[in-house]
Amino acid sequence: MARRDAWLVGQSCLQSAPTMDGESTSDTQTELVESQEADITVVVSAEDARAGKIPSLPDPFAPLTETYSYHSPKPTAPGPYMLGVDEAGRGPALGPMVYGVAYCPIAYKEELEELGFADSKTLKHDNRTRLLEILSSVPENLAWSVRVISPQAISGGMLRRPPNNLNKQAEEATVTLIREVLNQGIELSEVYVDALGNTTTYERYLSNLFPGMSFTVTAKADSKFKIVGAASVAAKVTRDAWISGWAYEEHESSPQYTWSEERGSGYPSDPKTQAWLRDSIEPTFGFPSLARFSWGTVKVALDKNAHAVKWTDEGQASLVKAFESSKGRDKGRCTLAKELSIKSVGSL
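With the numbering used here applied, the sequence shown corresponds to residues 56 to 403, in that order.
Since the hints were made in silico from the structure, they are not lab data.
Hints are supplied without guarantee of correctness; some may be wrong.
As the list claims (entries may be wrong) - For lysine to any residue, the following SDA-like pairs were computed, each having C-alpha atoms within a straight-line distance of at most 20 Å: (1) 129 x 195; (2) 129 x 106; (3) 279 x 314; (4) 164 x 196; (5) 365 x 327; (6) 354 x 314; (7) 129 x 101; (8) 327 x 310; (9) 164 x 194; (10) 129 x 244; (11) 279 x 269; (12) 275 x 305; (13) 275 x 255; (14) 275 x 314; (15) 164 x 269; (16) 327 x 101; (17) 354 x 212; (18) 164 x 188; (19) 275 x 226; (20) 354 x 335; (21) 223 x 265; (22) 354 x 219.
Work out the full structure, taking the sequences as your base and the hints as a guide.
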């Protein structure tokens with residue numbers, strides 16, 4: 056796509072974007088509640104997702120079983136560069152969380168301002184995919200990357216002990232993407248990050264981790280900085296494509312199981328997602344790997360509709376018993392010590 060064509064498409068997208076007057080400005084959400092992303096409409100068809108039309112998805116299409124990164128071709132324009140960071144899918148109960156970055160030379164900032172990038176939630180649905188095409192249309196100046204965190208990785212991190220919570224996983228994805236861009240030989244000077252919570256602490260952390268780079272970490276950065284808006288589009292379109300085109304890895308070993316293609320957006324507030332959660336439980340095995348098992352919504356559904364599980368050593372009863380003190384002549388010696396013939400030594 057020529058630069059002039061990219062500008063015309065961008066103007067069309069920008070003019071059609073609604074205002075943000077009706078958007079909630081509350082940033083007090085917890086990890087198990089929807090994040091700033093309020094749009095629950097999936098904009099990529101299953102056919103497009105599986106046909107290789109979204110470059111950040113595997114071609115040929117395959118189930119998502121591991122976290123991965125995708126990088127568009129390296130731009131050739133001289134630096135220094137600015138980079139924006141945003142996410143999609145922090146709050147859903149289904150599917151991956153995707154972190155996106157977009158970057159371009161600081162000297163390209165004026166041209167970027169006119170391409171129509173904004174917070175992906177404020178754009179009409181079909182315009183997001185068109186803007187992703189724009190991101191790839193000026194390869195000498197514009198580039199983008201995504202980090203796709205699988206639902207298995209999200210749940211595994213949150214359920215482990217000690218937990219690797221969602222904030223930490225988001226931080227790791229951001230740092231990974233920045234390092235991977237730097238490893239390509241891109242000279243980064245300015246980085247803008249959309250974030251929730253204590254942005255001052257996070258900004259200080261990133262500044263210490265990458266000395267010599269200027270960081271701006273703020274809420275609603277996708278509506279304040281066009282480069283973050285571009286990252287928002289990359290993340291949102293990639294996640295939408297995964298949700299609409301999802302391939303169940305469970306089919307490979309258990310083809311007798313089927314699940315509805317009407318999954319909705321994956322957000323707990325989406326009626327289609329609620330219906331999928333209600334109808335997709337297998338009483339013994341629960342949900343397929345599309346679901347985030349660490350999510351409260353999923354846990355409640357399993358408690359209500361799946362078989363209860365009783366662990367054979369629940370409460371570590373046998374372990375406690377092994378260290379209980381004996382009685383009689385063996386008073387003071389636990390069962391384990393007695394079986395191993397361990398005795399107290401008064402002196403050596």
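Starting from residue 279, check that the Cα of residue 269 is at most 20 Å away, please. holds (16 Å)
Pair hint outcome, residue 327 versus residue 101 [Cα-Cα no greater than 20 Å]: holds (16 Å)
With the threshold set at 20 Å, check whether the alpha-carbon distance from residue 129 to residue 101 stays at or below it. With Cα atoms ~28 Å apart, residue 129 and residue 101 exceed 20 Å; violated.
Checking one constraint from the list: CA of residue 275 to CA of residue 226, max 20 Å. Satisfied? Measuring from Cα to Cα gives roughly 17 Å; hence the hint holds.
Residue 129 paired with residue 244 [C-alpha distance capped at 20 Å]: holds (17 Å)
Hinted pair, alpha-carbon criterion (20 Å max): residue 327, residue 310. Please report holds or violated. violated (24 Å)
Against the 20 Å threshold, does the CA-CA distance of residue 129 and residue 106 hold or violate the hint? violated (24 Å)
Hinted pair residue 275 and residue 314, Cα distance within 20 Å: violated (36 Å)
Residue 275 and residue 255: Cα distance at most 20 Å? Holds - the C-alpha atoms of residue 255 and residue 275 are around 14 Å apart, at most 20 Å.
Would the hint linking residue 354 and residue 219 be met if the CA-CA limit is 20 Å? Holds: residue 354 and residue 219 sit about 18 Å apart, inside 20 Å.
Decide if the proposed pair is consistent with the structure: residue 164 and residue 188, CA atoms, cutoff 20 Å inclusive. holds (18 Å)
Next pair to validate is residue 129 with residue 195; report whether the Cα-Cα distance is within 20 Å. Measuring from Cα to Cα gives roughly 8 Å; hence the hint holds.
This entry does not satisfy hints 2, 3, 5, 7, 8, 12 and 14, going by the numbered hints stated previously.
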